[in-house]
Amino acid sequence: MSRRSPSLVILPLMRMHLRRREAPQLGVLGAVALAATLLSVAAGAGGAGQDAVHVAASAWRGLVGAPRQEVSVGQRVIVVLKSPALADRVALAGGQATEAQQRRWTAAALAADNLLIARLAQQGVSVRPDYRYARVITGFSAPLDQQAVDLLEHAPEVAGVYPVRITYPASLSSTLIDKGRLAAGAGDRPNVSLPGYDGRGVTIALLDTGVDATHPYLLGQIGEGRNVVGGNGDTRARVSPDDSTRFERHGTQLAGLLVGSAGPAGLNGIARGATVMPIRIAGWQRDASGRWAVFGRTDQLVAGLEHAVDPNGDGAALDAAKVALVGVTEPFAAFEDSPSARAVAGALRLDTLVVTPAGNDGFAGPGYGSISGPGGSRAALTVGAADRRPSTATVHVVLRVGLGAVFDRSVPLAGAVAPRRDLSARLAVPRLSPDPHSHAPPNLVDFFDEQGYSLVAGRAALVPGGADPEYAAAQAVRAGAVAVILFGDTLPGGGIGLNEGVTVPVVSVPAWAGRAVLKALRSGERPLVAIGAAKAQTNPAGGGVALFSSRGLAFDGFVKPDLVAPGVSLLTADPGRAEDGTPRYSSLSGSSGSAAVVAGAAALLAQARPNLDASALKGLLAGTASPLARDSVAAQGAGMLDLGSAYPAEAAALPTTLSFGRATGEGWHATRRLVLRNLSTRTLRMEVVPDRRDAKGERSIVFAFAPARVRVRPGGIGFVYVVTRTLAAGRAPIEGMLTVQVDGSTPIHVPWLVTFQPRRDELLAAVRLSSASFKPSDSTPAVLSFQAGRLDNGQVEPVGLLALQLRRADGESLGVLAQLRDLLPGLYSFGLTGRDAKGDTLEAGRYRLSLTAYPAGDGPPSRTAVTFTIR
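For the sequence shown, position 365 matches number 374 in the working numbering, and the numbering has no gaps at all.
Since the hints were made in silico from the structure, they are not lab data. None of the values given here were measured: they were computed from a predicted structure. It is possible that some hints are incorrect.
As a list, the in silico SDA-like pairs of lysine to any residue whose alpha-carbon atoms are at most 25 Å apart [to be verified]: (1) Lys528 to Val415; (2) Lys544 to Ala522; (3) Lys847 to Gly868; (4) Lys847 to Asp787; (5) Lys847 to Ala775; (6) Lys528 to Gly489; (7) Lys847 to Gly229; (8) Lys528 to Arg440; (9) Lys847 to Thr861; (10) Lys847 to Asp154; (11) Lys91 to Asn123; (12) Lys784 to Phe877; (13) Lys544 to Leu464; (14) Lys91 to Pro138; (15) Lys528 to Gly475; (16) Lys91 to Pro152; (17) Lys784 to Leu810; (18) Lys847 to Phe795; (19) Lys91 to Tyr863; (20) Lys784 to Ala812; (21) Lys91 to Gly824; (22) Lys544 to Ala274; (23) Lys544 to Thr512; (24) Lys784 to Lys847; (25) Lys91 to Leu810; (26) Lys847 to Pro869; (27) Lys784 to Tyr863; (28) Lys544 to Arg430; (29) Lys784 to Arg816; (30) Lys91 to Ala329; (31) Lys91 to Gly322; (32) Lys528 to Asp458; (33) Lys784 to Phe795; (34) Lys528 to Arg430; (35) Lys847 to Ala818; (36) Lys91 to Gln131; (37) Lys528 to His405; (38) Lys847 to Asp867; (39) Lys847 to Asp752.
Using the sequences and the hints given, assemble the complete structure.
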């Protein structure tokens, strides 16, 4: 009998319906595609309600980052080997290694790849890697069938096989900026600087979409890079293959925040003297429906980090970028052991600070939060978004049908352009999709009739916002609309912000109001809209964490983000030129913008203090952040970026945040080690102190430190063991800040959090087998389906490792049929073909298939089993 694939064949996942347009995370581990679909996560803080200003976090969906289309990754996986990568070798050498040594170590890591691929070939498995890794991790990515995955999971040299996931960008002409015609809240400037420094001599690797290096705002600051998506050195921002007006915008926008200079009205980037190394790891590609969308993959992200640490590809990391900004995210995938998280840690060991966005998915549960990957890596400097706008604009909107008012209230002005005076116009609509559940925005052609006449010229366009409100508004303006009324979710003030294509007032109204006007139009009536002059109103979210910014914890229980920075309506460059020939500018909202601000700040600090390594830069930027009084630790980490405090600081604490895990009740205790680094040229005396309330036990938790005070020589390190104990059982998380008092210098803050939320042990549910008795068959297997992971009150409970083991009825083990790693909550289906782990046909009799799901963090595994009979 020939050797065949084992009993388990992975079938297509049964999809969960999503409350919002959310791209599923796709991982393929079998002969047929397996798509791990993420369950809907509540991201609002209160309802959208009727208040013109108090809108929910969900209102930012579609406005921050890129629309998340459903994408197929085929059967691609990332195979991580146990062989040490270059980063591991350098770390073992104490960070000191010659160029020759580094080249030799990189070659050894690549040789480990070759040996494994050759051995697989001898066993009849052909592997054609898409990307190979040797610097930040050792391994490769490739499309693999189930037989190959099974062999790799059992191979002694393999650390793990992981699904490839999808990544998404986490995010008018200059005349508007020059003339100050922006509405309140539509354009903000980060205002982060370090007098006397501009980042000169520092290279920032930008892992994102392509960059428009010809933009005047960026001239001279964009260096050579790598197009990972295209496999060449052309890193230009591409236009959509089916719409020449749509650019890859995100990379250019982030580059503007980093190094832009001499912009309109004195606009500048954070580190205008630094050099950006563009690494294109995302761009226009076809999604699962065949449409063009902007996205990337995690194997491309890891390949991008490989280039960031070794730009010339010679195997040595002596030319590594000092700072790497990752502008894309894996939504909700805050795994510490994922390939991208491992790669971030490898880059840090090679002295590259990786700055990542926290994500744009808002609030989540009290345990694990909504942090995106690779921001869950402890090595990453993960940045959340803050909203620093003191005010936003509101306008009064009246929708009239006949003599009656369908809608009459004040709403936020979503766009950057405010009406100069009261505006009144007839309402008109484009041709809309007959599918009431469609989230796709209308295209330009939908705004014209069959004779080529505009349906909205000279009128106010009533348009469904859908998954991309900004694009929908821009198409209406191109068709000649004098105002745009988006209906659906209530958009926040300044949410669309500055966009060259949106030069008229834009507001949003609830879906019910839009449907009422649509009904009137279809009945032959002539509804009108009246929009009043804009009024500035205090921004209730101003000075705090943005509602859309993802909150922690990461899946390993650590506090994330590390800090926050301005991330709403940031003025920056946009690729291309306006119709009047001037350079395009835009505003960007999202945690990727915040990450760009911090990456620019890191470049300034690296120039000012060139002796600091990447770990020290991370510790200073996080440890000296300024805490925000009204936001939780899980939302802000250590607080708002404070570069002025980071510059003179002489000490850093690692890790930058502390997690004590889940308290089990009264008397529970945990111990963590805090490493204190002396970054100065003098001996420092340091003391760790708790929050005043915790020193008195006011919150049923107490701290002890051993030792409480340390004396650290110049350039040395000291250790403090932090012990916490609960005085009573609780339910709500307890959080706070430890402060490292440094004699004569800037104090360092270390945020911590303890959660009392009990873990729901059951990570497996709804386990079903389609047939309890069947004959072996490769073509018509019995179907095993189950739910892996949990989503409880907005809290994501992932599965770190799922193992399926086959046994005879008497308990004899027949091997592990499959191991799946880093599973987000979803429904999974597998086919039982009647073969064992070696691929041999099972004899007639009774068998037991055990399912064991291990949590991503601490805690016991969940176990269940099904029995079946082979006839």
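Hinted pair, alpha-carbon criterion (25 Å max): lysine 784, phenylalanine 795. Please report holds or violated. holds, 22 Å
Given hint aspartate 787 paired with lysine 847 - CA-CA distance at most 25 Å: holds, 15 Å
Has the given pair, lysine 847 with aspartate 867, been kept, meaning a C-alpha gap of at most 25 Å? Distance ~32 Å between lysine 847 and aspartate 867 Cα, so the pair is violated.
Hint consistency between lysine 784 and leucine 810 [alpha-carbon to alpha-carbon, up to 25 Å]: violated, 29 Å
Starting from lysine 847, check that the Cα of phenylalanine 795 is at most 25 Å away, please. holds, 24 Å
Mind checking the alpha carbons of lysine 91 and proline 152 for me, to see if they're no more than 25 Å apart? holds, 20 Å
Just to be careful, I want the Cα atoms of lysine 784 and arginine 816 compared with a cutoff of 25 Å; is the pair within it? holds, 17 Å
Does lysine 528 pair with histidine 405 here, judged by a C-alpha cut-off of 25 Å? holds, 23 Å
For the pair supplied as a hint, lysine 544 and alanine 274, confirm whether the alpha-carbon distance does not exceed 25 Å. holds, 23 Å
Between lysine 91 and proline 138, is the straight-line Cα distance small enough, at 25 Å or below? The hint holds at about 18 Å.
Are the Cα positions of lysine 528 and arginine 440 separated by 25 Å at most? holds, 14 Å
Given the hinted pair lysine 528 and aspartate 458, is their Cα-Cα distance within 25 Å? holds, 19 Å
Checked against the numbered hints listed earlier, the structure breaks hints 3, 5, 7, 13, 17, 26, 27, 34, 38 and 39; every other hint is satisfied.
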